[in-house]
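There are 2 protein chains.
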Amino acid sequence: MSPPRAVEFWFEFASTYSYPASQRVAAVARARGTPIVWRAFLLGPVFHGQGWDDSPFNIYPVKGRYMWRDLERICIDLDLPFRRPSQFPRGSLLAARVACRFSSEHWIADFVREVYRANFAEDRDISQPEVVSDCLVRAGAPADRALAEAATPEAKQALRSATEEAMQRGVFGAPSFLVGDELFWGNDRLEAALDWYAARTRSVELS
Amino acid sequence: MSPPRAVEFWFEFASTYSYPASQRVAAVARARGTPIVWRAFLLGPVFHGQGWDDSPFNIYPVKGRYMWRDLERICIDLDLPFRRPSQFPRGSLLAARVACRFSSEHWIADFVREVYRANFAEDRDISQPEVVSDCLVRAGAPADRALAEAATPEAKQALRSATEEAMQRGVFGAPSFLVGDELFWGNDRLEAALDWYAARTRSVELS
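Protein sequences appear in the order of chains A and B.
Heads up, the first sequence is in our numbering, so the first residue is 1 and it goes up one at a time.
Heads up, the second sequence is in our numbering, so the first residue is 1 and it goes up one at a time.
So that you can see chain A by itself, here it is in the shape it has in the complex:
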């Protein structure tokens, strides 16, 4: 078996626990010299496949109440600004199309971080083109061109394919980390995913 080439970070812009993951994944991976691949997808179709038409945090309010408190604590620990969004979940389609279409651009990490901050620290409506545009500008990206390209049939299809791929590879929530076929679910599994990657690449070097 060939060693994994990167840790894939699968994220959904409406996903709450993806917020802290998005803010720390690049720095934590860089400190270990591990390449990250940014994989935007949509949770809607994934949840739909499980029989849900809303976030499970809305469907199961007791779990939802816990999640918001838990997220608040995590943000305090990480020193991240947090304001509970006045709308949840927010429409992530446009931002996800941009992130999927431009996943290899040098500004992708900054863009992803900005969108999460807009949603979970600034309570802005990330479904609106002007908000996504602001995030692109802050990330140093060509905003107008990126938004225009995100509206093409190719960009739309790319996001649909990514979401299909996520489901085929066993992803059922966000954030998720894939190292080859090995799946890790949750912000609190980032370190385990990086450990897995390190062990797999090291064992190949030794063999």
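Everything labelled a hint here was simulated from the structure, so no lab data went into it.
Because identical chains share one entry, a pair is satisfied inside a single copy or across any pair of copies.
No farther apart than 20 Å at their CA atoms in a straight line, the calculated lysine to aspartate or glutamate pairs in the EDC-like style are these: (1) K63 x D188; (2) K156 x E105; (3) K156 x D144; (4) K63 x E164; (5) K156 x E130; (6) K63 x E182; (7) K63 x E165; (8) K63 x D181; (9) K63 x D53.
Only a predicted model underlies this, so the values are computations on that prediction, with no experimental measurement involved.
Chain B: place on chain A using the hints.
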């Protein structure tokens, strides 16, 4: 506000992630000088309240597949024996009545660890009195007396009350840790619960 007096460990013997938690909670807490209270309860009524008549890991097979793999990885990391139970979830009523009735006995920690090992390392049917009896004997407990007392109306009512209390205090899964009103859910939140306890007791000492 008075400081919390202990970290409450809420567990269900059929719960998969409670297995690693049960094996490490006493040692981790002891290393920090934190008292632990053992709180057995039943997840059945909790899940029933969420509209489920089975474990969500059975209802949502994609999530279930992930959980078994994740649990296996966690056990490897902790150097814990693991064999996937041939039946899941196993009936935990009798063992939970024993643990609830005798939660303050000196043998409670050993008994809880033994029941989880029987279920998740030895693939034994913990719903059977002879298996629970074995676990009591291994823990140095008076097995016959404990089983007889667990069958009394008072012991049955105590477990029902504990499960009611869990739901009233926001517990929706296992393992859970309660520090006063503060809830932490999951084996991977044990350290956060202990940190929370330490900060609360320290701030009271300083004030």
